[in-house]
Amino acid sequence: MAARTYEDVLGAAAQADERVVVMTAENRVAVRSLPRTLGPRFIDVGIAEQTMVGAAAGLALRGRRPVVHALATFLTMRAFEFIRTDVGIAGLPVKLVGGVPGFLSDGNGPTHQALEDVALMRGIPGMQVFSPADGEDLVAGLPSILASDAPCYIRYNALPAAAPHAPFAPGRAETIAPGADVAVFVHGFLLREVMRALPILASEGIAARVLNMRMLAPVDEEAICRAADETSLLVTVEDHFQTGGLATIVAEVLQKAGKTARLLPIALEGRWFTPGLLDDVLAHEGFTGPQIARRISTMFRHTN
Amino acid sequence: MTDTHQEELRDLALRVREHIIRMATDGGCFIGASLSCADLLVYLYSDVLDVSPSKLGDPGRDYLFLSKGHDVPALYGTLAELGFIGRERLTHHLKTDDAVYWHPNRKIPGVEFHSGSLGHLLAVGIGVALDIRMRGGANRVFVVLGDGELNEGSVWEALLVARSQGLDNLVAVIDRNGFQANLATEDLNPLEPLERKFEAFGWSVTRADGHDFAALERAFAVPARAGAPRAIIADTVRGKGLPSIEARADRWFVNFSHEEVAMLLDELHGERKAALVSETLMVR
Chain U
1 MAARTYEDVL GAAAQADERV VVMTAENRVA VRSLPRTLGP RFIDVGIAEQ
51 TMVGAAAGLA LRGRRPVVHA LATFLTMRAF EFIRTDVGIA GLPVKLVGGV
101 PGFLSDGNGP THQALEDVAL MRGIPGMQVF SPADGEDLVA GLPSILASDA
151 PCYIRYNALP AAAPHAPFAP GRAETIAPGA DVAVFVHGFL LREVMRALPI
201 LASEGIAARV LNMRMLAPVD EEAICRAADE TSLLVTVEDH FQTGGLATIV
251 AEVLQKAGKT ARLLPIALEG RWFTPGLLDD VLAHEGFTGP QIARRISTMF
301 RHTN
Chain S
1 MTDTHQEELR DLALRVREHI IRMATDGGCF IGASLSCADL LVYLYSDVLD
51 VSPSKLGDPG RDYLFLSKGH DVPALYGTLA ELGFIGRERL THHLKTDDAV
101 YWHPNRKIPG VEFHSGSLGH LLAVGIGVAL DIRMRGGANR VFVVLGDGEL
151 NEGSVWEALL VARSQGLDNL VAVIDRNGFQ ANLATEDLNP LEPLERKFEA
201 FGWSVTRADG HDFAALERAF AVPARAGAPR AIIADTVRGK GLPSIEARAD
251 RWFVNFSHEE VAMLLDELHG ERKAALVSET LMVR
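Quick note, the sequences are listed as chains U and S, same order. Oh and the first sequence: position 120 is 120 in the working numbering, straight run, nothing missing. Oh and the second sequence: position 78 is 78 in the working numbering, straight run, nothing missing.
With the rest of the complex left out, here is chain U (with noise of 0.2 Å):
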């Protein structure tokens, strides 16, 4: 049987459960199918991202649970005080389904670069962020985040499996690798690459502590201050600018607990990437498995 898609799990809990509406700006890759089985449960409002997202609150105020879907950085930036004043105030369940965040805009450039996304977010009162490492990982958690009654950034991303998942927990870092000396911390896709860093640096004799941190908001601060206690380097990898992140909220649960620990942030800082094919971006820019192992074992013998 093939695996369960965004899609399909989408369609299910939206058969299930009358409240679920599914909204476009005239996006449609992720829900392509949904217009025939949802019917006027399917809204497209053509590329207009501010009235869609006034249109969910509005939704939402009548019991709805809207889940509107359009690029990344149209959804969070052009919408932004739509979704801060409508949906944020009233504190609504809306949930916002933001596409190619990140790396994951390849060859369309800056314009299309959601790099500050989960900073926009995050920094809205009450509202979560949920970034999954992969379609499995992005499967595992929507029923949870559907189930909430908070309002939810979805940085979407189907990519196929980095790792085997466990169960998800709402506001709980997943645990991938038990390692004791250094502890990396990653949100979306780049998991990937991270797994390809961990045989690297065993073989150089760093065992890493690998935390898949689904959501950014709530954030699993025990994993965070566990991880300090425990290992010598703290080190986040993220498609996002190094401002307003993961490298932000570690240094900020950090403070908030009263503790130290030596810090690397793998992030872009305060630039735009350069367009190109995935794999290419991610060489260009220093963020492939060998190229990020290479940066933590340095930091790590520095450090020790």
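Think of the hints as simulated: they come from the structure by calculation, not from any bench. By construction, the Cβ of each residue, glycine as well, lies at the ideal position given by its N, Cα and C atoms. Warning: the hint list may mix true and false statements.
[To be verified] Reference listing, derived: stretches of chain S covered by chain U, where coverage requires no fewer than 3 residues with Cβ under 8 Å from a Cβ of chain U:
{"#": "1", "region": "157–170"}
{"#": "2", "region": "191–198"}
{"#": "3", "region": "230–244"}
[To be verified] What follows is a set of in silico ranges between Cβ atoms, one per label pair, in the way DEER data are often shown:
{"#": "4", "chain 1": "U", "residue 1": "GLY107", "chain 2": "S", "residue 2": "ALA200", "range": "57 to 67 Å"}
{"#": "5", "chain 1": "U", "residue 1": "ALA283", "chain 2": "S", "residue 2": "PRO193", "range": "57 to 67 Å"}
{"#": "6", "chain 1": "U", "residue 1": "ASP17", "chain 2": "S", "residue 2": "SER52", "range": "26 to 36 Å"}
{"#": "7", "chain 1": "S", "residue 1": "ALA200", "chain 2": "U", "residue 2": "GLY63", "range": "32 to 42 Å"}
{"#": "8", "chain 1": "U", "residue 1": "ASP17", "chain 2": "S", "residue 2": "SER164", "range": "18 to 28 Å"}
{"#": "9", "chain 1": "U", "residue 1": "GLU18", "chain 2": "S", "residue 2": "LYS273", "range": "58 to 68 Å"}
Start from chain U and add chain S according to the hints.
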């Protein structure tokens, strides 16, 4: 409309205007826009909307969204006069022990959604209208927009979407008072010919004097074209009811002294014109 009913509406609107004037001190309020839409709100709540204090939780009620938001003293006054909230609550205007502030919020019974950022509630109204239609409801959604608010691109985006979704249960009511914050609308981004703009977007449009209850009744009685949302353009006067501040760009937001408020209440009741000193605050 009978003369008696017109008289009732005029009396109600007068009491709403008294509330507005009393809120224009100790911090002040957006008095000009509040006075321009007072008759509209009084007419809608009295004669058009199927909503009442006992019907607020009923999904079959009509919805009114105040999109421009800063005219909320007119809504507070209307809700107080019609029993949605106690009149004494308006004495808490701008007090931190209550939620009666410069823009609407849902802590006030009768306020369906918060606003203040222009160009949002037509989109929110679309969502509510879509759900009503999905459930086969006969109730309607009214969205009151300012004319200055029509500068916002999101309004025009929503006009397109409402038409493409065929929302004939949605009514946009434009408070066409001719001014935006500091200027006459036609001196900044001219809106006329406004009916033709809405018509070009596929809406059914009616234009009427927003201070003439009988004219409003005729405008709202025009049947909706199947599949077309409706726009009622209500021509109004900023500051209506107070000749000393009517149709002036410099009486948008004012924080009057208690003496000025007393003079304005006299002026509202047809006594001598108030001698005003306070000017609009340049908050924008």
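* 58 to 68 Å as the expected CB spacing between LYS273 of chain S and GLU18 of chain U, which holds or is violated -> With a Cβ separation near 59 Å, GLU18 of chain U and LYS273 of chain S satisfy 58 to 68 Å, so the hint holds.
* Do three or more residues of the region 230–244 of chain S come closer than 8 Å to chain U, measuring C-beta to C-beta? -> violated (count 0)
* Asked: Okay, GLY107 of chain U versus ALA200 of chain S on CB: inside 57 to 67 Å?
  -> violated (38 Å)
* **Check of the region 157–170 of chain S against chain U for coverage (Cβ-Cβ below 8 Å, three residues minimum)** => holds (count 6)
* How does the Cβ-Cβ distance of ASP17 of chain U and SER52 of chain S compare with 26 to 36 Å: does it lie in that range? -> At roughly 32 Å between Cβ atoms, SER52 of chain S and ASP17 of chain U fall inside 26 to 36 Å, so the hint holds.
* Asked: Range hint 32 to 42 Å: satisfied by the CB atoms of ALA200 of chain S and GLY63 of chain U?
  -> holds (35 Å)
* **Stated coverage of the region 191–198 of chain S by chain U [criterion: 3+ residues, CB within 8 Å]** => violated (count 0)
* When you take the CB atoms of ASP17 of chain U and SER164 of chain S, is the distance between them in 18 to 28 Å? -> holds (27 Å)
* Asked: For the pair ALA283 of chain U and PRO193 of chain S, does the Cβ-Cβ distance stay inside 57 to 67 Å?
  -> holds (58 Å)
Comparing the model with each earlier hint shows violations of hints 2, 3, 4; every other hint is respected.
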